[in-house]
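Participant: Construct the complete structure from the given sequences, taking the supplied hints into account.
Numbering (this note's numbering), first residue to last: 74 to 389.
No wet-lab data here; the hints were simulated from the structure.
Beta carbons: idealized from backbone N, C-alpha and C, even for Gly.
Treat the hints with caution; some may be incorrect.
[Claimed, not checked] Below, in silico cross-link-like pairs of lysine to aspartate or glutamate (DMTMM-like), each with a Cα-Cα straight-line distance of 25 Å or less: (1) LYS150 with GLU285; (2) LYS250 with ASP188; (3) LYS122 with ASP188; (4) LYS122 with GLU181.
[To be verified] Here are the simulated distance ranges between beta carbons: (5) TRP151 with THR286: 20 to 26 Å; (6) ARG240 with ALA92: 37 to 43 Å; (7) HIS148 with ILE361: 36 to 42 Å; (8) PRO251 with GLY82: 40 to 46 Å; (9) PRO140 with ARG189: 42 to 48 Å; (10) PRO251 with ARG189: 26 to 32 Å; (11) LEU160 with THR329: 24 to 30 Å.
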Amino acid sequence: MFFSFPFQGYGPISIVLSALHTVAAWIFSFWFFKDVRSEWHTLAGWCAKISLLLFAMASLGPFALGPLMANGLGHSKWYYFLVYYYLHFQYNGVFIFALLSLWFHTLEKRNIPFDRRLSYRCGILLLVSLFPSYVLSVLWAKPGMAYNLLGALGAVLQLWALVHFCRIVKSVEVVLKPQVRVLWFFALTCFALKCLLQLVSSHPFIAQLALETRPFVIAYLHLVLIGTVTLFLVGWCMEHNIIAPLPAVGLLSLVTGFVGSELLMIAQGISFFYNRMNLPLLLFFFSIPLPISFGMLALRSFAGRSSGKPTALAGQ
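Facilitator: Dropping the structure here:
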């Protein structure tokens with residue numbers, strides 16, 4: 074898929090590989106449910122299963138594209154409705170519940186007490202919010218003010234869940250590695266920004282602005298996928314000794330590269346900055362620290378693995 078998309082986009086090879094990946098994920102989900110059938114009583118198990126169920130639901134979107142295109146609707150609004158359906162439930166459902174599963178797994182594995190009732194309430198609010206907030210992804214079609222209000226309701230429910238989660242985080246006493254604290258702070262901050270942006274996007278003017286300004290959309294996806302998902306996963310792998318911790322310079326490089334490139338992508342959508350700065354060149358330079366920091370992660374982890382240290386890949 075990585076090599077086929079640049080050459081043919083969503084063509085025959087990409088479609089076949091994407092379909093195979095989805096089928097493999099369905100098989101994995103079946104095995105997962107079978108192996109952890111008794112884990113619904115744990116928050117980690119509950120969130121993991123919700124994540125996989127959402128994946129199965131979201132994956133129906135791409136499979137529906139074939140019949141749509143066969144009927145000559147490949148460039149219709151319904152085509153984009155399905156694309157955004159898939160992206161919405163992946164970014165706001167599958168990824169987020171997977172991260173929550175790993176977070177609660179850390180607490181439960183270490184027998185750290187936390188408010189389970191509040192945690193389930195947080196998860197249910199997030200789950201419920203997914204359905205009305207999907208409307209935020211299709212407001213560009215101008216379906217009417219009622220849909221703006223429905224999308225705003227979903228965003229408010231998501232913010233309510235965020236407040237609950239922040240209360241849970243504040244109440245638990247967990248000792249984390251310094252690098253992990255920094256990465257998880259940024260991940261939570263990015264998630265909070267995502268929730269706020271979704272609420273703001275329910276306004277008709279902002280919805281139209283997002284439609285007309287592609288860099289804003291890319292910056293939003295960047296905020297979720299790198300800011301929330303990737304930074305959390307890197308921190309989680311460090312905390313569980315799957316990869317070696319980054320030195321201070323590597324951590325600074327990672328955070329600087331992410332924040333700098335994020336701000337520059339936003340600036341690309343603002344004509345004042347775009348007409349006065351060479352933003353593509355600046356974006357290139359601010360993107361360099363990201364592969365450098367991940368290269369340092371790989372080198373330190375494999376070096377530790379070869380030396381037998383517990384903070385390496387061999388630690389698991």
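Participant: Work down the list of hints and note, for each, if the structure agrees.
Facilitator: Here is what the structure says about each hint:
With a CA separation close to 16 Å, the supplied pair LYS150 and GLU285 stays within the 25 Å bound. For the suggested pair LYS250 and ASP188, the alpha carbons sit about 23 Å apart, so the restraint of at most 25 Å is met. Simply put, LYS122 and ASP188 have alpha-carbon atoms about 20 Å apart, close enough for the 25 Å limit, and the pair holds. Between LYS122 and GLU181 the CA atoms are separated by roughly 16 Å; this keeps the pair inside 25 Å, and the hint holds.
The hint said 20 to 26 Å for the Cβ distance between TRP151 and THR286, and at roughly 24 Å that hint holds. Look at ARG240 against ALA92: about 42 Å separates their beta carbons, and that is inside 37 to 43 Å. As the Cβ distance of HIS148 to ILE361 is approximately 37 Å, the hint placing it in 36 to 42 Å holds. Look at PRO251 against GLY82: about 43 Å separates their beta carbons, and that is inside 40 to 46 Å.
The hint said 42 to 48 Å for the Cβ distance between PRO140 and ARG189, and at roughly 43 Å that hint holds. Distance hint for PRO251 and ARG189: a CB-CB separation of about 28 Å, consistent with the stated range 26 to 32 Å. Distance hint check for LEU160 and THR329: the Cβ-Cβ separation is about 28 Å, which falls inside the suggested range of 24 to 30 Å.
Going through the hint list in order, the structure satisfies each hint without exception.
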